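If you read the protein sequences in the order shown, they are chains A and B. Those letters in the first sequence? Residues 1 to 291, by full-length UniProt numbering. Those letters in the second sequence? Residues 1 to 515, by full-length UniProt numbering.
For the record, the hints were derived by calculation from the structure and aren't laboratory data. Values in this document were obtained by computation on a predicted structure and should not be read as measured data. Built from N, CA and C at the ideal position, the CB exists for glycine as well. Careful, some of the hints might be misleading.
[To be verified] Far from chain A by the CB rule (all over 12 Å, computed), these chain B residues:
id : residue
1  : 232
2  : 317
3  : 325
[Stated by the list, open to error] Covered, in the sense of this in silico footprint (three residues per stretch, anywhere, with C-beta under 8 Å from a C-beta of chain A), are these stretches of chain B:
id : region
4  : 249–256
5  : 377–387
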Amino acid sequence: MTRAATLVAPAPRTAGQPSLPRRIVADRNGLIGVVLVGLLVVVAVVSLVHLGQDPLAQNRTGQLAGPSGAHWLGTDQFGRDIAARVAAGVFASLRVALVSVGMATIVGGLLGVLSGFAGGVLDAVVGRCTDVLFAFPATLLALALVAALGHGWFNTAIAIAVVYTPIFVRVARGPVLTVRESEYVKAGRVLGFSRSRLLFRHVLPNVGAPIAVQVALALSWAILTEAGLSFLGLGTQPPSPSLGLMVSDARNFFPDAWWTLLFPALAVVVAVVGLNMVGDGLRNALDPRRS
Amino acid sequence: MTRIPARRWGIGAAILALGAGAVACSPSPTNGGKTGESAQLVVARTADVDVLDPARATAFATNQTLALVYDRLVQVDANGKLVPGLATKWTVGDGGRSLTFTLRDGVKFHNGQTFTSADAKASLDRIIDPKTASVARSYLANVSAVDAPDPRTLKLNLTRPDASLLTALSYTGTSILSAKDIKAGTVDKKPDGTGPYSWKSWKQGQELDLAANTHYWNGKPKNAGVQFRVIPDEASIVSGMKAGSFSLGIVSDPALTKQLSTNKKMKLVANPTLDYHVLQLNGRRGPLKDKKVRQAIACAVNRKDAIDTVYFGQAKETGPIVSPAYQFDANAGLGCTAGDTAGAKAMLAKAGYAKGFHLKTIVMTGQYSTSTNLAQVLQSQLGKIGVTLDLDRQQTNVYVPNWSKANFDAAVALNGGSTDPYLQYNRYFTSDGSLKVPAGLADPKLDSLLRKANGTTDEATREQVFGDLSKQLNDDSPWVWLFRNQTYYLESTGLTGFTATPSDSLENLRVAGLA
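Let's have the full structure, built from the sequences with the hints guiding it.
Structure representation (structure tokens):
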């Protein structure tokens, strides 16, 4: 039994080891992260069914009212319920983050794996394109793209995706270079496996860990970038709720109506800290030296 | 405890020293403690002067500043009435086809030269000359010749009676320059006028210094000079006021003023200006071609709610005529009560649009802070009658071309007003108006009313015609008139004697001092 076990190639999950989610939760940071992100997801889902208030309903008599029973987090300049707007803003942020990181992961990850596996001209072209994109500061590039593409959440998502694609290319390409020279891939090549089989069955599963960690971190950056773009007036457009836009609007009222600034800002902080901690937990859970 | 190496201490000390130096070099908050006529007033505003030639000045800050250095033939008082400037009196002759001014005696330019009719003639001729490319040229379109029969008399010959000419001659654009400067071509190099302040120094984008003209014909200024500081962020102007760095701060964002009502360091003065907020409708498109539809939209808008939300109640509702000299019922001619949602809905249903429609609405961002907020309020109000405003926020450089080409269904706009309703609307609603495209609508009735008003100098007739114009504009409802803009003056507690004017000019700085 011991002999057999040592002969088995290292796999992401060995028999008897707890499942990945369990390992993430077992990590202290991972647990806090999962709780924070879970909280936001619940809030976002609740916003979809408009349980409490309509985030767009204006109420002139209730302008800039502090937190109360009717409006848990107070109201803004238009008398709109901040709790409803923060919830809807969290949903908008998560939507942009998931879509943009999804696109960046698929495109960037695939390009990285392919260029690393194939090498040659493809690798050179992809590598140089990545370098060009890396040459721009991330926020500046996103700003320019949104300005060119136009407003709206989907265009914002595309802009963020373009900015983060090169990161995924690099994160995916590095491990592929190691894995493609490993003995089991060489063995597969000798056995006459097709390139696609080698790529998808033997290489890809073994470079998943760093990409997974990168996804968690990129999600938090994407939320921050979306908030930043909205803050600058280029992301989500009013009256649609967006955390960045709410912070921007609230700057002038802050000394009088702190709730207009605090709660949307807090939501951004929770999202970013939460996703970073999930990333931490994920990294620890996937680290073979730790298990 | 970690020991900090000596070298780091050195760097730390250097940084501290630099910081201390910066503090020491920062402008002294209270003018070195000077008060009264030896004090210099420090005015903070967001924009800087762009050109130094009054005939080519369009930017607000430029007009505001050059009006302190130059005089006009006539001036407008706080009530919008014309009062003598460099001209002490004027007479209309030849059946309205000439205008003769008697010029003020003993006025000197800052360079010491005496002001005569030759200077006035050279200044007006220069504006009329197409080569000058003056923005004030159209104001003098009816002037056929400028004569200076003697040093104290100036005569304008007109092709037709022009009732708005006097008002136009009170604008900064028609300032009187020195004939010598015009000849030497130094007008846009160093401003040299007859005004209460002379030009001292200018650090572009930072600060501009004016010195009091002790020989000013209307009494020497009650302070030693004015310094304008350019602070692009309005919140920073407020912070500077709180720190006591400025005597006067000028801001436009009503949200900022929320936090200032109880501040002991300054007094907040909300000054209604002639600029007016409108929702422009493009009457050449879709459902908006129908007058009843435009009227329904005008009826559905609740101006008071909009003012309460966007300006925290600190704005004045307005109809088409914004001049304080002419007061008319803002809603006369509309055929409904403004803010009557049910009535508006019924009107819309009668016109065949019970289900409502969408309007592509352009909103300018950047230039003024309240546009997006106003757009959201209008969107909410018109949503109640089924009219959906699809907001498209555009930067100034995108918005202006779209607006000029009327590339919109509706436009949230802030337009410059005038004490003379003819000057306010002739560009939009006359058949040869330069802005008739963005006006969104042409009506021969408006054209003839405007021409009728400008063709007479009889005040009673003009008032009646402008009343008819106001009604006709409401009846046509090419735009929804909302409210008049506010400018906020933050006055330090030491500032005395300053009063703001509806045209937002700073001419009263002359009589302001520091206690």
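Hint check:
no. : hint    : verdict
1   : 232     : 15 Å, holds
2   : 317     : 15 Å, holds
3   : 325     : 33 Å, holds
4   : 249–256 : holds (count 3)
5   : 377–387 : holds (count 3)
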